[in-house]
Amino acid sequence: MVDNTQAQAAPTAAPAQTGQTNTAPEFTPRHTTVPREVGEAVFDVETVSVAYGGAPALKEVSMRIPKGEITALIGPSGCGKSTMLRCLNRMNDLIDGASVSGRITYHGEDIYAEDVDPAEVRRRIGMVFQKPNPFAMSIYDNVAFGPKLHGMKSNLDDRVEKALRGAALWDEVKDKLNDQGHALSGGQQQRLCIARAIALEPDVILMDEPASALDPISTLAIEDLMRKLRGQYSIVIVTHNMQQAARISDRTAFFTVDMEQGVRVGELVEYDLTETVFTNASDQRTESYITGRFG
Amino acid sequence: MATDTGQRPASAPSSLRSSGPSRYADPLFRAIAFTAGASVLVILGLMIGTTTRDALPVFEYQGLVSFFTSDEWRAGFSRTEFTGEYGAFSFIYGTVVTSLLAVAVALPLAIAVSLYINRLAPKRLKRPLAYTVELLAAIPSVVYGLWGLLFFAPTFIRPVMELLNRTLEPVPILGRLFAGPVFTTSYFTAGMVLAVMILPIITAITREVMAQVPRDQVDAAYGMGATDFEVMTKVIIRTSFPGIVGATMLGLGRALGETIAVAMLVGGSQRWGLSLFFGGDSMAGHIANTFQDAAPETVLALIAVGVGLFVITVIVNVLARLLVWRIGRVAGDAALRRRP
Numbered sequence: 000m001v002d003n004t005q006a007q008a009a010p011t012a013a014p015a016q017t018g019q020t021n022t023a024p025e026f027t028p029r030h031t032t033v034p035r036e037v038g039e040a041v042f043d044v045e046t047v048s049v050a051y052g053g054a055p056a057l058k059e060v061s062m063r064i065p066k067g068e069i070t071a072l073i074g075p076s077g078c079g080k081s082t083m084l085r086c087l088n089r090m091n092d093l094i095d096g097a098s099v100s101g102r103i104t105y106h107g108e109d110i111y112a113e114d115v116d117p118a119e120v121r122r123r124i125g126m127v128f129q130k131p132n133p134f135a136m137s138i139y140d141n142v143a144f145g146p147k148l149h150g151m152k153s154n155l156d157d158r159v160e161k162a163l164r165g166a167a168l169w170d171e172v173k174d175k176l177n178d179q180g181h182a183l184s185g186g187q188q189q190r191l192c193i194a195r196a197i198a199l200e201p202d203v204i205l206m207d208e209p210a211s212a213l214d215p216i217s218t219l220a221i222e223d224l225m226r227k228l229r230g231q232y233s234i235v236i237v238t239h240n241m242q243q244a245a246r247i248s249d250r251t252a253f254f255t256v257d258m259e260q261g262v263r264v265g266e267l268v269e270y271d272l273t274e275t276v277f278t279n280a281s282d283q284r285t286e287s288y289i290t291g292r293f294g
Numbered sequence: 000m001a002t003d004t005g006q007r008p009a010s011a012p013s014s015l016r017s018s019g020p021s022r023y024a025d026p027l028f029r030a031i032a033f034t035a036g037a038s039v040l041v042i043l044g045l046m047i048g049t050t051t052r053d054a055l056p057v058f059e060y061q062g063l064v065s066f067f068t069s070d071e072w073r074a075g076f077s078r079t080e081f082t083g084e085y086g087a088f089s090f091i092y093g094t095v096v097t098s099l100l101a102v103a104v105a106l107p108l109a110i111a112v113s114l115y116i117n118r119l120a121p122k123r124l125k126r127p128l129a130y131t132v133e134l135l136a137a138i139p140s141v142v143y144g145l146w147g148l149l150f151f152a153p154t155f156i157r158p159v160m161e162l163l164n165r166t167l168e169p170v171p172i173l174g175r176l177f178a179g180p181v182f183t184t185s186y187f188t189a190g191m192v193l194a195v196m197i198l199p200i201i202t203a204i205t206r207e208v209m210a211q212v213p214r215d216q217v218d219a220a221y222g223m224g225a226t227d228f229e230v231m232t233k234v235i236i237r238t239s240f241p242g243i244v245g246a247t248m249l250g251l252g253r254a255l256g257e258t259i260a261v262a263m264l265v266g267g268s269q270r271w272g273l274s275l276f277f278g279g280d281s282m283a284g285h286i287a288n289t290f291q292d293a294a295p296e297t298v299l300a301l302i303a304v305g306v307g308l309f310v311i312t313v314i315v316n317v318l319a320r321l322l323v324w325r326i327g328r329v330a331g332d333a334a335l336r337r338r339p
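Protein sequences appear in the order of chains A and B. Take the first sequence: its position 286, counted from the start at 1, is 285 in numbering that gives the first Met the number 0, and no numbers get skipped. Take the second sequence: its position 163, counted from the start at 1, is 162 in numbering that gives the first Met the number 0, and no numbers get skipped.
There may be inaccurate statements among the hints.
[Said to hold, decoys possible] Rough simulated footprint, nothing fancy, chain B against chain A, three-plus residues with beta-carbon under 8 Å: (1) 123-134; (2) 137-150; (3) 195-208; (4) 260-268; (5) 274-287.
[Unchecked claim] Below, computed lysine to any residue pairings styled on SDA-like, alpha-carbon distance capped at 20 Å: (6) Lys233(B) <-> Ala97(A); (7) Lys147(A) <-> Val217(B); (8) Lys147(A) <-> Gln216(B); (9) Lys122(B) <-> Asp178(A); (10) Lys233(B) <-> His149(A); (11) Lys152(A) <-> Lys122(B); (12) Lys122(B) <-> Ala97(A); (13) Lys130(A) <-> Lys122(B); (14) Lys125(B) <-> Asp109(A); (15) Lys233(B) <-> Met136(A); (16) Lys233(B) <-> Ser137(A); (17) Lys233(B) <-> Leu155(A); (18) Lys130(A) <-> Asn240(A); (19) Lys233(B) <-> Gly96(A); (20) Lys161(A) <-> Leu176(A); (21) Lys233(B) <-> Tyr139(A); (22) Lys227(A) <-> Pro65(A); (23) Lys233(B) <-> Ala135(A); (24) Lys147(A) <-> Ile236(B); (25) Lys130(A) <-> Asp218(B); (26) Lys130(A) <-> Gln216(B); (27) Lys125(B) <-> Leu93(A); (28) Lys147(A) <-> Arg237(B); (29) Lys175(A) <-> Met151(A); (30) Lys125(B) <-> Arg214(B); (31) Lys161(A) <-> Glu200(A); (32) Lys122(B) <-> Tyr51(A); (33) Lys233(B) <-> Leu93(A); (34) Lys122(B) <-> Asp95(A); (35) Lys130(A) <-> Pro213(B); (36) Lys233(B) <-> Asp178(A); (37) Lys147(A) <-> Thr226(B); (38) Lys130(A) <-> Gly307(B); (39) Lys152(A) <-> Thr232(B); (40) Lys125(B) <-> Asp95(A).
Hints listed in this document are in silico derivations from the structure and should not be mistaken for laboratory results. This one's a predicted model, so the numbers in the text were calculated from it and none came from an experiment. Think of the CB as a built atom: it goes at the ideal place given N, C-alpha and C, for glycine as much as any other residue.
The task is simple: from the sequences and hints, build the whole structure.
In C-alpha cells form, the structure reads like this:
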C-alpha cells in the first residue's frame with residue numbers, strides 16, 4: 000500500500016477473519032468541503048441503461064456530475080462503472096452491439112442527439128485509459144496529435160509545452176521531446192497521455208483506472224496531478240482502489256452488480272459526497288463494500 | 000516424502016536407462032531433419048551452380064555490361080559457337096516496368112481493401128471478403144493470361160489505355176510514358192493483370208498487420224475526437240507501415256518472376272519502348288516464348304537471362320529485408336534510446 004496512514008486501515012491489509020468487525024478506510028478530506036448539492040453540473044445523467052448485444056450491463060443510472068470537481072466511480076468488477084464512464088464521451092459507440100438508452104446532457108446539450116458528432120463530443124471530453132497508450136511517435140508528436148487533428152496548428156510549440164507543463168511532465172522531458180513516447184517510464188507515459196488529452200483544451204477529463212498499471216510512486220504523482228487539475232477541469236475517475244477514491248475525490252458513486260433474471264446487471268447504489276460515502280454510507284451494500292466485506 | 004524410509008526401490012537404476020526402439024528415435028529424427036534442412040541448401044546450390052555454369056560463356060561472349068545494357072538481341076542458330084547478339088536490356092526494362100506498374104496499382108487497392116475488411120465492413124462480410132481476396136491467389140496464372148487476353152484487355156484495359164493516351168500524351172515529359180500507338184498487348188496490359196495477381200498477396204499481409212495494431216492505440220485516437228478516416232490514416236496505416244512495405248516487396252518479387260501471364264500479355268517483341276503502351280517483352284516472358292525453338296547457343300543465352308532475373312529478384316528481396324529491418328530498427332532504436 001502506498002499511503003502509510005491509510006494502509007493500516009485498508010480492508011485488503013486488515014486480517015479478514017470472519018466475525019471480526021472491519022473498519023472503513025480512514026477518511027481525510029483533501030479539499031475545501033464542497034456543498035452537498037451539485038451546483039453547476041457538467042453532466043446530467045438521466046435514467047441511463049446500457050446493453051451489450053441485448054444483454055443489459057447497466058441499469059437506469061441517474062446522477063449529476065459537478066463542474067470542476069473530481070467524481071469517483073467505484074465498485075466491484077462488472078458493476079458497470081467503466082461502462083458508465085464510456086457513455087460520457089460516447090466511447091461505447093465503438094463497441095459492436097452496444098446500445099445506450101436514457102439521456103446524458105453535457106452543459107445542457109444531449110450528447111446522444113441525432114445530429115451530434117461523436118468525434119466532436121470526444122474532442123471536448125478527454126479520456127485517459129487504464130494502460131498508458133502513447134502513440135508510437137515522439138513525445139512532441141504525441142502531444143501535438145490532437146491539436147493537429149483539429150486544425151489548432153497556431154503556436155503548436157506553445158500548446159505542447161503548456162500541455163506538458165499542465166501534466167507536470169515538462170521538466171522531465173523538455174530536453175528530449177523528439178524521443179519516442181514509449182521510451183518513458185510507465186508513470187511518465189500516463190502523464191504524457193494526460194498531456195495529450197489536455198492539449199485539446201477539453202473541460203472534462205475521463206480517467207479509466209489511470210493508475211492501475213502503475214507503481215506506487217507513479218500513482219502518487221498521478222494523484223498529485225489530478226489535484227492540480229481539479230478546478231480547471233472536471234474529472235471523472237473510475238478506480239478499483241478505494242483509498243484512491245477517498246484521497247482524491249469530492250464525490251463518490253458506488254456501483255454494484257445485481258442478479259436480475261440470471262443476468263448480472265450493474266446499478267448505481269449510492270452517490271454522495273466522498274466523505275459521506277466513506278464515513279456514513281446510507282446503503283448497507285456501500286458500507287459492506289467499503290469495509291471490505293465483499294468486492 | 001513422509002513415508003520415505005531411506006530404502007530405494009530395487010528397480011530404480013535400470014528404469015533410468017532408455018530401452019527398446021525409442022532409444023533410436025531421437026537420433027534418427029535428428030538425422031532426417033538435418034537431411035531435409037541440408038537438401039534445401041543443396042538444391043539451391045545446384046541451381047545456382049549449373050545455371051551460372053551455362054550462363055558464364057554467354058556473359059564472356061557478350062560482355063557482362065553489354066548483356067545488361069544493350070538492347071540488341073538477335074538469336075543465333077549455331078550448335079557449337081556464339082554467333083548472335085545478346086543484349087537483354089529490352090527484357091529487363093519490360094520486367095521492371097510491368098512489375099512497378101503492377102505494384103503501383105495493387106498497393107493502394109490492397110490498402111483500401113484491408114482497411115475495409117478490418118475497419119468498415121459489416122462483421123458477417125469480413126471473413127467471406129478476406130477469403131475471396133485470397134482465393135484470387137489460387138487461380139493459375141495461365142488462366143489469368145487467357146482471361147486477360149480474351150476479356151480483360153480488350154473490354155477494360157484497352158479503353159483505359161486510350162483514355163490515358165488522349166489525356167496524358169500532351170503533358171511534357173510524363174506524356175512520353177503514355178505515348179501512342181496503343182497496343183492491346185503491352186507493358187500496361189501485363190502490368191494491370193499482374194496487379195490483380197499480386198493483389199491477394201499484398202492484401203493478405205497488409206490485412207494481417209493492420210489487424211495487429213493495438214486496440215488501445217485506436218481507442219486513444221478516437222478518444223481525442225478522431226474520425227474513422229483519421230484513425231485509419233494516422234494510426235492504422237502509420238503503425239502498420241513496415242508491414243505494408245514488406246508486403247509490397249513480396250508482391251514485387253512475385254510480379255518480377257511471373258512468367259506465363261506476362262508472356263501472353265506483354266506483346267512479345269524483342270524491342271523496347273519508353274511508352275507503357277508499347278508491346279515489348281519481359282525476361283521471364285521472353286524465355287517462355289522462345290525457349291522451345293531456340294538453337295543451343297540461344298538456349299544458353301536464355302539461361303543467362305534467367306540468371307539475370309534471379310539476381311534482380313535476389314536484390315529486390317535483400318532490399319526489402321533491409322528496408323523492413325531499417326524501419327523496424329528506427330522505431331526500436333528510438334524506443335530503447337534513453338538519456339544517460
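Verification of the supplied hints:
Given a C-beta distance limit of less than 8 Å, the hint that chain B covers the region 123-134 of chain A holds, as 8 residues qualify and 3 suffice. Counting residues of the region 137-150 of chain A whose beta carbon lies closer than 8 Å to any beta carbon of chain B gives 5, which reaches the threshold of three, so the coverage claim holds. Coverage of the region 195-208 of chain A by chain B holds. Counting CB-CB distances below 8 Å, 3 residues qualify, and the rule asks for three or more. Three residues within the 8 Å Cβ limit are the bar, and the region 260-268 of chain A against chain B gives 0, so the coverage statement is violated.
With a cut-off of 8 Å between beta carbons, the region 274-287 of chain A has 0 residues touching chain B; three or more are needed, and the interface restraint is violated. The straight-line distance between the Cα atoms of Lys233(B) and Ala97(A) is roughly 26 Å, outside the 20 Å bound, and the hint therefore fails. At most 20 Å may separate the alpha-carbon atoms for a hinted pair to count; Lys147(A) and Val217(B) meet this at roughly 17 Å. In summary, the hint linking Lys147(A) to Gln216(B) is supported, as the alpha carbons are separated by about 17 Å, within the 20 Å threshold.
For the given pair, Lys122(B) sits about 38 Å from Asp178(A) by alpha-carbon distance, which is inconsistent with the 20 Å threshold. Note on Lys233(B) and His149(A): the hinted pairing holds, with a Cα-Cα distance of about 13 Å set against a maximum of 20 Å. Between Lys152(A) and Lys122(B), the direct Cα distance comes to roughly 37 Å. Violation of the 20 Å bound is thereby established for this hinted pair. With a C-alpha separation of about 14 Å, the suggested pair Lys122(B) and Ala97(A) falls inside the 20 Å cut-off, and the hint holds.
A threshold of 20 Å between alpha carbons decides the hint, and for Lys130(A) with Lys122(B) the separation of about 27 Å lies outside it, so the pair is violated. Pair hint Lys125(B) plus Asp109(A) does not hold up; C-alpha atoms about 34 Å apart against a cutoff of 20 Å. For a cut-off of 20 Å, the pair hint linking Lys233(B) to Met136(A) stands: about 11 Å separates their Cα positions. About 14 Å separates the Cα atoms of Lys233(B) and Ser137(A), which keeps this hinted pair within 20 Å; it holds.
A distance of roughly 18 Å separates the Cα atoms of Lys233(B) and Leu155(A); the hinted pair therefore holds under the 20 Å criterion. Of the pairs offered as hints, the one joining Lys130(A) and Asn240(A) holds, with about 15 Å between alpha carbons and a cut-off of 20 Å not exceeded. Taking the CA atoms of Lys233(B) and Gly96(A), the gap is near 26 Å; set against the 20 Å cutoff, the hint is violated. As the CA atoms of Lys161(A) and Leu176(A) are separated by approximately 13 Å, the hinted pair is consistent with the 20 Å bound.
Restraint check for Lys233(B) and Tyr139(A): satisfied, since their Cα atoms lie roughly 15 Å apart, inside the 20 Å limit. In summary, the hint linking Lys227(A) to Pro65(A) is supported, as the alpha carbons are separated by about 17 Å, within the 20 Å threshold. Distance restraint check for Lys233(B) and Ala135(A): the Cα-Cα separation of roughly 11 Å lies within the 20 Å cut-off, and the hinted pair is therefore satisfied. For the given pair, Lys147(A) sits about 17 Å from Ile236(B) by alpha-carbon distance, which is consistent with the 20 Å threshold.
Using a Cα cut-off of 20 Å, the hinted pair Lys130(A) and Asp218(B) holds, with the two alpha carbons roughly 11 Å apart. In summary, the hint linking Lys130(A) to Gln216(B) is supported, as the alpha carbons are separated by about 10 Å, within the 20 Å threshold. Taking the CA atoms of Lys125(B) and Leu93(A), the gap is about 17 Å. The hint holds against a cut of 20 Å. Proposed proximity of Lys147(A) and Arg237(B) is supported: the alpha carbons are some 16 Å apart, at most 20 Å.
Under the criterion of a C-alpha separation no larger than 20 Å, the hint pairing Lys175(A) with Met151(A) is inconsistent with the structure, at around 23 Å. Among the hinted pairs, Lys125(B) with Arg214(B) is consistent with the structure: their alpha-carbon atoms are about 18 Å apart, no more than 20 Å. Between Lys161(A) and Glu200(A) the alpha-carbon distance is near 10 Å, which keeps this suggested pair within the 20 Å criterion. Under the criterion of a C-alpha separation no larger than 20 Å, the hint pairing Lys122(B) with Tyr51(A) is consistent with the structure, at around 16 Å.
Simply put, Lys233(B) and Leu93(A) have alpha-carbon atoms about 18 Å apart, close enough for the 20 Å limit, and the pair holds. Using a Cα cut-off of 20 Å, the hinted pair Lys122(B) and Asp95(A) holds, with the two alpha carbons roughly 9 Å apart. Taking the CA atoms of Lys130(A) and Pro213(B), the gap is about 12 Å. The hint holds against a cut of 20 Å. Straight-line distance between C-alpha atoms of Lys233(B) and Asp178(A) comes to about 19 Å, which keeps the hinted pair within the 20 Å bound.
Distance restraint check for Lys147(A) and Thr226(B): the Cα-Cα separation of roughly 13 Å lies within the 20 Å cut-off, and the hinted pair is therefore satisfied. This hinted pair does not check out: Lys130(A) and Gly307(B) have alpha carbons roughly 52 Å apart, beyond 20 Å. For a cut-off of 20 Å, the pair hint linking Lys152(A) to Thr232(B) stands: about 19 Å separates their Cα positions. Taken as a hint, the Lys125(B) and Asp95(A) pair is honoured in the structure, with Cα atoms around 14 Å apart against an allowance of 20 Å.
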